[in-house]
Amino acid sequence: MQLSVWTYEGPPHVGAMRVATAMEGMHYVLHAPQGDTYADLLFTMIERRGKRPPVTYTTFQARDLGKDTAQLFQDAARDAIERFQPQAVMVGASCTAELIQDDPAGLCEAMDLPCPVIPLELPSYQRKENWGAAETFYQVVRHLADPSITPRGGQRKLANILGPTALGFRHRDDVIEVRRILDALGVEVNCVAPLGASPADIARLGAADFNVVLYPETGMEAARWLERTFRQPTVRTVPIGVGATREFVREVAALAGVDPSPALDGDGSRLPWWSRSVDSTYLTGKRVFIFGDATHAIAAARIARDELGFEVCGLGCYNREFARELREAAAEHGVEPLITDDHLAVEDAIAAASPELVLGTQMERHIAKRLRLPCAVISSPVHVQDFPARHSPQMGFEGANVIFDSWVHPLVMGLEEHLLTMFREDFEFSDHAGASHLHAGAPKEQTVTGQDEPAIGSLWTDEAERELKKIPFFVRGKARRNTEAFAAENDRAPIDITTLYDAKAHYAR
Amino acid sequence: MSIGAVPLSPAPATVGGADCAPALRERGQREVFCGLTGIVWLHRKMQDAFFLVVGSRTCAHLLQSAAGVMIFAEPRFATAIIEERDLAGMADCHEELDRVVTRLLERRPEIRTLFLVGSCPSEVIKLDLAKAAERLGAHYAPQVKILNYSGSGIETTFTEGEDACLAALVPEMPALPAGSPAELLVVGTLPDVVEDQFLRLFGELGITRVGVLPARNAADLPAVGPDTRFLLAQPFLTETAMALEGRGARQLDALLPFGAEGTTDWLRAAAEAFGIDEMHFNRVIAPGRERAKRAIAHSRERLEGKRITFLPDSQLEVPLARFLATELGMVPVEVGTPYLNRRILGRELELLPETARISEGQHVERQLDRVRADRPDLTVCGLGLANPLEAEGLSTKWAIELVFSPIHGFDQAGDLAELFARPLRRRDVLRV
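Which chain is which? The protein sequence lines are A and B, in order. In the numbering used here, each residue carries its 1-based index in the first sequence increased by 17. In the numbering used here, each residue carries its 1-based index in the second sequence increased by 18.
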């Protein structure tokens, strides 16, 4: 048993849901107990999808266990196919259903369903979310890709973009950027998968001349199979950062047999100039700690060192499947690799490295907040604010612009830092006041005084004062002002609990 | 469950309410949380308790998703994630659990009560957590009390996790010998501010011997005995109520304390049981009751005549529908609940209009078909359904907020009404 409060990854069936939800015309029948539907809200809330994930859960309960849960599964599968008319259906079990061993694959085989069935074996007690997504996508491709379709061999080359899923960190906008690059090179996109692809699209994967894998965590397994089966070469460079994007362009151009310059000239990349401008001088040698999924962490380390002039003082990932790649990158940066899914170990490593900037997941954001360190998010898992409304890719040249802004923003800007040093003794700039953008980390007593504490000769009874303290601090000031205005208006002194609540009722709307 | 155990309430004033209406019973996919979710608010209430779920990565992931940002403030809950090697042999599993508990209690020496919380995987492999709690409890007594309950999805729905937890506390409550002065017990987790308001009101009424379950410190459990009268502050406490009755306590029959009327009725049940003079009762509650009515009036204009559907979630649906129907003039179309305890909710059901469709259990697809056909003005549902329904043009109110926000009592009645009015107001103000 492993003691855990925070997990970087969900169980593997959540990975399968990320593939199903990304696709069109696919449905997932999941043998799972009541309660596992919680995972729906990751998609409807965090990613703000306006549709329910295409997942039917059997939601068995204790009273079903003595009876035939297999029958329950078959009924759910039949109902789901009738209701949603999918082009293909994925079937599998969550962790609890794995224990009761109903074998969804065998059960579906016996049912003679009217559409292709993709059985999923996702070992919940060994593997995790990313592995689940990769395995699911691989099974989808293996079952649906039509072996009779071969590359069309035309003048204009055709490529598949593999790996983007639902609930992926900036996957939506990365696809837009990569499409833009392929457009500039005159390469056509055959299929983006799984994001937005239907089973019919998957069937035609073989028509492409080569594959572009954006996220090895979710797409590489399928790409390897396509390499073997359809002899499609794979573009393995992940275009995060200016240098990596340039390499990516050259790699694609070489495979497509075209001139890379249309995508490289006037590339719209402002990072190189921003980074050279004198205001960025203070970034030189800033110590940065990087943690996330292996792909984003490795890309971030390269940008940090080569494109922003930081010093990488720590590098790690939570997904063991990519430990080898991460170790290689850590060796190149001369740091100890940190491969762990224990956030306490990450917290210890960050504290020990004493960085000036932390790049990580939502969890590192909270660790950094606790340690009062600036931080930017570079990888899943992320909260709702990292599925933004605005275009914010990580990939391509626009992605590099986004990265420059989002990493530098939490740092004190050069001029500001200069002033801070100059006016160190000034009350507004003192260390005690904290940096303006780290408002949450600033000492509370400075900001709260005045609006929260009772004035001398307070109108409030002690009891009412104590009651007021129970109101959350961020609305307490307003409650105090409203109550005092109400008391003055109605000539009520001193302010007791009744007045407090009378005022609350008065202002309720 | 027997009806006879409750003192019979006076005959219903409104004959032919929804109390005798047959509930639509449905089986199928249920879009609900499991009982583990209760930990998210229970651990905030019991400040010396720790909740250790014995389950899978899914359980840990659920808690993390439900707890949102709370996960980072040194929370007093965690998951012992069962791994492949634990499944190999049972003996090993108990040793592993002992190791995890030892490590945990070394790290958190301030913990006084540790709950081992069962999950679907631990129930299915029949890991005996009761025995583990007993074994570990003997080892750590008297510093740490170790208890056990199940929050698994196969056995509990959302708030039933609190019921299971409190029911596990009942045998630990000190005994109040027969013939003691009568005591009142308020049962169900309430936000501290609400609990204080109620205790103040009971004090003003002259009921001074009042205990609450759960107490803010799990180690300071109130006493219970044949002279205990208890009021349920929450509707979902079926098992806890039975356990308390098993120890001789008697349940007071009352509406749930939502809105001016519900709160009045709830307080009156206690006042009557403790022989409080009616004049005095009216004098004490009048200011709060008036305040509640004034605060509710702000939302009435927006909510009156609006049609509302509740999808099953917490068992709060029936009393909330009653509040919205009787005090705000809303029209309940369908009132879905994961479990309908007619004994606890009998008087609530009487007050619902006859036209309200009561449903118990869920077949989510068919229920959504009904929502689409009914097109209510407001649908109360979980977060997995809220945005998809909004995208179909239906206004929604997400249900979980009703469990986390202070909504009970006079001084929260306005806030409660506002929770339902806000999505409708928002729909009207947006011009995009």
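Please keep in mind that the hints were generated in silico from the structure rather than gathered at the bench. All values reported here derive from a predicted model rather than from experimental measurement. Where is the CB? At the ideal position from N, CA and C, for every residue including glycine. Heads up, a few of these hints could be off.
Reference listing, derived: stretches of chain A covered by chain B, where coverage requires no fewer than 3 residues with Cβ under 8 Å from a Cβ of chain B [as the list claims (entries may be wrong)]:
(1) 69–79
(2) 232–244
(3) 282–295
(4) 501–508
Not the full set, but computed from the structure, chain A residues with beta-carbon under 8 Å of chain B [claimed, not checked]:
(5) D53
(6) L59
(7) M62
(8) Q102
(9) G203
(10) V206
Results of checking the hints against the structure:
1. 69–79: Held - the segment 69–79 of chain A has 8 residues with a Cβ nearer than 8 Å to chain B, which meets the minimum of three.
2. 232–244: violated (count 0)
3. 282–295: Contact hint for the segment 282–295 of chain A vs chain B: violated, 0 residues under 8 Å.
4. 501–508: violated (count 0)
5. D53: Cβ of D53 (chain A) sits 7 Å from chain B, so the hint holds.
6. L59: holds (6 Å)
7. M62: holds (5 Å)
8. Q102: violated (13 Å)
9. G203: violated (37 Å)
10. V206: Result: violated, 27 Å to nearest chain B Cβ.
This entry does not satisfy hints 2, 3, 4, 8, 9 and 10, going by the numbered hints stated previously.
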